[in-house]
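Enquirer: Now for the letters of each chain:
There are 2 protein chains.
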Amino acid sequence: MATHILTGLHLITEHSGLKSVTSDMIAESVNTNPVVIRRLLGQLRKAGLVRSQSGARGGFSIALPVEKISLLDVYRATEDGSLFHFHYTEPNQICPVGCTIQESMKSVCSEAEEAVANVLENRTIANLAAEMMENPLFGERARAAIEAGIAPGS
Amino acid sequence: MATHILTGLHLITEHSGLKSVTSDMIAESVNTNPVVIRRLLGQLRKAGLVRSQSGARGGFSIALPVEKISLLDVYRATEDGSLFHFHYTEPNQICPVGCTIQESMKSVCSEAEEAVANVLENRTIANLAAEMMENPLFGERARAAIEAGIAPGS
DNA sequence: GTTATTGTAACTAATACTGTTACATATATT
DNA sequence: AATATATGTAACAGTATTAGTTACAATAAC
Chain A
1 MATHILTGLH LITEHSGLKS VTSDMIAESV NTNPVVIRRL LGQLRKAGLV
51 RSQSGARGGF SIALPVEKIS LLDVYRATED GSLFHFHYTE PNQICPVGCT
101 IQESMKSVCS EAEEAVANVL ENRTIANLAA EMMENPLFGE RARAAIEAGI
151 APGS
Chain B
155 MATHILTGLH LITEHSGLKS VTSDMIAESV NTNPVVIRRL LGQLRKAGLV
205 RSQSGARGGF SIALPVEKIS LLDVYRATED GSLFHFHYTE PNQICPVGCT
255 IQESMKSVCS EAEEAVANVL ENRTIANLAA EMMENPLFGE RARAAIEAGI
305 APGS
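Heads up: the protein sequence lines correspond to chains A and B, in order. First residue of the first sequence: 1, per the numbering used here; consecutive thereafter. First residue of the second sequence: 155, per the numbering used here; consecutive thereafter.
Check each hint, because a few of them may be wrong.
As the list claims (entries may be wrong) - 27 Å max Cα-Cα, derived DSSO-like pairs, lysine-lysine:
{"id": "1", "chain 1": "B", "residue 1": "Lys222", "chain 2": "A", "residue 2": "Lys106"}
{"id": "2", "chain 1": "B", "residue 1": "Lys173", "chain 2": "B", "residue 2": "Lys200"}
{"id": "3", "chain 1": "A", "residue 1": "Lys19", "chain 2": "A", "residue 2": "Lys68"}
{"id": "4", "chain 1": "B", "residue 1": "Lys260", "chain 2": "B", "residue 2": "Lys222"}
{"id": "5", "chain 1": "B", "residue 1": "Lys260", "chain 2": "A", "residue 2": "Lys68"}
{"id": "6", "chain 1": "A", "residue 1": "Lys19", "chain 2": "A", "residue 2": "Lys46"}
Unchecked claim - With beta-carbon atoms standing in for the labels, derived distance ranges:
{"id": "7", "chain 1": "B", "residue 1": "Pro290", "chain 2": "A", "residue 2": "Glu111", "range": "47 to 55 Å"}
{"id": "8", "chain 1": "B", "residue 1": "Leu291", "chain 2": "A", "residue 2": "Asn118", "range": "56 to 64 Å"}
{"id": "9", "chain 1": "A", "residue 1": "Asn118", "chain 2": "B", "residue 2": "Ser236", "range": "15 to 23 Å"}
No lab work stands behind these hints, which were simulated from the structure alone. Beta carbons are placed, not taken as given, at the ideal position from N, Cα and C, and that holds for glycine.
Generate coordinates for the entire structure from the input sequences, incorporating the hints supplied.
Expert: Here you go:
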């Protein structure tokens with residue numbers, strides 16, 4: 001969802017005169033409630049990926065060149081870090097397996113996390129936006145809507 | 155948890171006379187309820203990684219050589235597949251972003267899944283067991299307990 | 001036949017997330 | 001200054017998932 005929004009923000013502010021987009025507009029495109037959008041974009045703001053402005057004519061805009069926003073940045077800003085989670089209850093530490101397995105598992109998990117990070121690092125919002133505009137589904141009407149700065153989907 | 159259990163099953167059946175281990179014993183080591191264990195091992199059974207036997211003197215045992223059980227096998231047997239999930243509600247398909255973003259995202263997610271799979275594929279239960287036995291925490295008493303086939307942690 | 005064990009259904013409790021309402025705060029426009 | 005428009009955030013309800021638990025039928029060893 002964050003990726004969707006960032007790509008949309010970029011396209012709209014780039015191709016229309018609009019300097020920012022409101023959570024209401026975004027919510028309509030993503031098909032959810034504006035508060036959900038503000039919550040999510042709050043995380044992106046804390047990570048420095050977007051800016052926001054309160055008050056009339058306010059809204060959200062991208063804070064960095066889209067070539068510099070990787071999906072890893074988005075992932076780190078929105079996910080709490082660990083791809084895999086251990087079991088609720090600690091294993092019995094008296095058990096020889098229980099007391100040593102976690103160390104090994106942590107190393108495997110770190111490796112996996114890193115592998116994912118490498119994949120995400122190599123894709124930027126700029127890449128995605130370009131890919132989308134080449135997609136045949138992204139037709140004339142779409143381009144026109146974005147240029148008009150119309151709330152997408154309305 | 156599945157990895158914990160498989161490693162334990164291997165060590166115990168390998169180093170003690172026991173041919174199988176009950177869900178009660180395993181539950182004590184993992185520090186949870188026997189039914190939770192039976193549920194999980196049911197998935198591993200369906201995937202062909204363990205065998206089970208009902209009735210007195212029954213229990214669970216490993217169905218394959220541990221060198222042939224990779225963490226990817228365990229992952230596939232227990233996780234429902236996709237590491238990343240899309241948002242609850244479909245994006246608005248009239249929106250030019252909404253209707254094209256998912257295609258791009260799916261390709262990124264597949265790449266990430268594959269990267270994780272590669273990591274997990276290169277680790278086997280045999281590796282893990284060896285690693286554990288080299289761990290200084292895995293001392294004499296541990297070895298003795300396992301050889302005695304004692305419910306670990308009791 | 002008795003005992004030990006899996007397989008599974010049914011229920012409770014905990015956790016997390018989405019969606020929603022409400023409202024204080026901030027800011028551009030008039 | 002007053003008004004209209006936004007964000008930021010707290011609070012709450014609804015939903016889904018999971019762990020843990022109890023109970024019990026089916027199964028197999030002794």
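Enquirer: Hint by hint, say whether it matches the structure.
Expert: Do the hints match the structure? See the list:
no.	hint	result
1	B/Lys222 - A/Lys106	holds, 21 Å
2	B/Lys173 - B/Lys200	holds, 20 Å
3	A/Lys19 - A/Lys68	holds, 19 Å
4	B/Lys260 - B/Lys222	violated, 30 Å
5	B/Lys260 - A/Lys68	holds, 21 Å
6	A/Lys19 - A/Lys46	holds, 20 Å
7	B/Pro290 - A/Glu111: 47 to 55 Å	violated, 22 Å
8	B/Leu291 - A/Asn118: 56 to 64 Å	violated, 32 Å
9	A/Asn118 - B/Ser236: 15 to 23 Å	holds, 19 Å
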